[in-house]
Amino acid sequence: MKSIEDINKISFDDLEHIADDSSIAAPSALEKKVEDALLASMMIEQAQRKRTLWRKPISYALVPGLVALGLALTVLLQPPEDKLIDTYDNPQLAYAEVEKTLVYISSCINKGLDIASVAAEEFEEPKKAMDRIFKD
Amino acid sequence: MKRMILIVATLLLGLTLSAQSGKEIYEKYSSNEGATCVYVSPAMFDMIKTMDLNSLVQATGEPAMAEILPLVKRLEGMYVVQLEDTNNAFTMKAAVKKFVDTSKYQVLMQVKESGQEVNIYINKVEDIIKSIVLFVQEDNGSIFIAIDGTIQQQELNELVNSLPKYL
Chain R
1 MKSIEDINKI SFDDLEHIAD DSSIAAPSAL EKKVEDALLA SMMIEQAQRK RTLWRKPISY
61 ALVPGLVALG LALTVLLQPP EDKLIDTYDN PQLAYAEVEK TLVYISSCIN KGLDIASVAA
121 EEFEEPKKAM DRIFKD
Chain P
137 MKRMILIVAT LLLGLTLSAQ SGKEIYEKYS SNEGATCVYV SPAMFDMIKT MDLNSLVQAT
197 GEPAMAEILP LVKRLEGMYV VQLEDTNNAF TMKAAVKKFV DTSKYQVLMQ VKESGQEVNI
257 YINKVEDIIK SIVLFVQEDN GSIFIAIDGT IQQQELNELV NSLPKYL
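Quick mapping for you: the protein sequence lines, in order, are chains R and P. The letter at position 16 of the first sequence is residue 16 when you use the working numbering, and the numbering goes up by one with no holes. The letter at position 72 of the second sequence is residue 208 when you use the working numbering, and the numbering goes up by one with no holes.
Next comes chain P alone, as it looks inside the complex:
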């Protein structure tokens, strides 16, 4: 009897301590004053998958990048939050750190330059990248980006090599 209670209590405790997701971080910080947010839902990505390159060109007025479309069709969700308030930026950084530490994310890259700190994390299962999280902290704010999908490691490598290096 005591053992059963202990097992049940441990299971319930595990549920309450479950990690945040990129979606939860977006929900928490997107309502902050001065936040700039972009959310693309799985349903929207399903619609994008049905479209071809030509129809994408017409709406934006600029040619869509052919290298990106195959990868975009593998995505399932995108969350972007840009904060200008440095206080909220610090708390968001802590939330992102906790999220990647408790979930199955590995560090892809960390870059520290004057005035900017970039952290990129991926959730990878064998050669499939299930999620990419990017967090950039600058002097005047921060940017959080989370992308969910089923991306081949090789596709990401090709994307990085083929796209323009700097904006």
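Isolated chain R, as found in the complex:
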């Protein structure tokens, strides 16, 4: 049996003569083997086509998609405009209100500190009692 290299060296006319010569016997099931090989080749080609089918649209959509995302983030991250209106248009009145608010906050903090200092005094009582006992 000739090797593939030898067959490649044969001219097309010689190949036709060999094909027409009925005395030369073809290997058994050659036709089925050729059909199977062709079918397998077609299936591989189809599978590769499916894999690459979505890649091009994705890559074409990626650039404008990233640009749109960048624009959206720019809009989202922008500080919103100040839609609130000052309660007072006179800075002196506004200052008076700020002063009142700070005094109120201070009073709340001081109330808490007073409660904490009373509690601290209460905690001191058992300690004083124990000091008296151990000194005696």
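Mixed in with the good hints there might be a few duds.
What the hints assert, rightly or not - In silico DSS-like links for lysine-lysine, alpha-carbon gap of 30 Å or less:
# : chain 1 : residue 1 : chain 2 : residue 2
1 : P       : K185      : R       : K83
2 : P       : K209      : P       : K240
3 : R       : K100      : P       : K240
I should point out that these hints are in silico values taken from the structure, not numbers from a laboratory.
Since chain R is already given, all that's left is putting chain P on it; use the hints.
Below, chain P without anything else, positioned relative to chain R:
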């Protein structure tokens, strides 16, 4: 590709879950019926900074507290909402709790007395207080106060010590 999509999705999710600010709480509850609100904008504080103590005395009719003016000049915004409706007061309390839990606030003080619960939170970076939030819940309503600025810790201590203790 999958990793890039996951990273982008995580970033977008982080944006949507961003915490409310004191301003947003003010915007949400200031339009409620029966709400008493005060808003002093950064622009107004800029105007106050240009004024001296004497001009502040003339408008109010009462002497301005000299201890307060240096600190007021460091403020950038003030939001006050007082609600009388107890239902809205509860929802505002939940909103404030969520706000301070998700932002970088620490508890300065919590006081619970009969009929009143006071919570004070600060947002502090080293010795600089960037924001103070106070929430008071009483039987007949609640008060929300948020003050933004650049306040030294020592200035706040001096203010608390020097101002009248009770209204």
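Hints versus structure:
Between K185 (chain P) and K83 (chain R), the direct Cα distance comes to roughly 22 Å. Compliance with the 30 Å bound is thereby established for this hinted pair. Among the hinted pairs, K209 (chain P) with K240 (chain P) is consistent with the structure: their alpha-carbon atoms are about 24 Å apart, no more than 30 Å. Restraint check: the Cα-Cα separation between K100 (chain R) and K240 (chain P) comes to about 27 Å, which is no more than 30 Å; the hinted pair holds.
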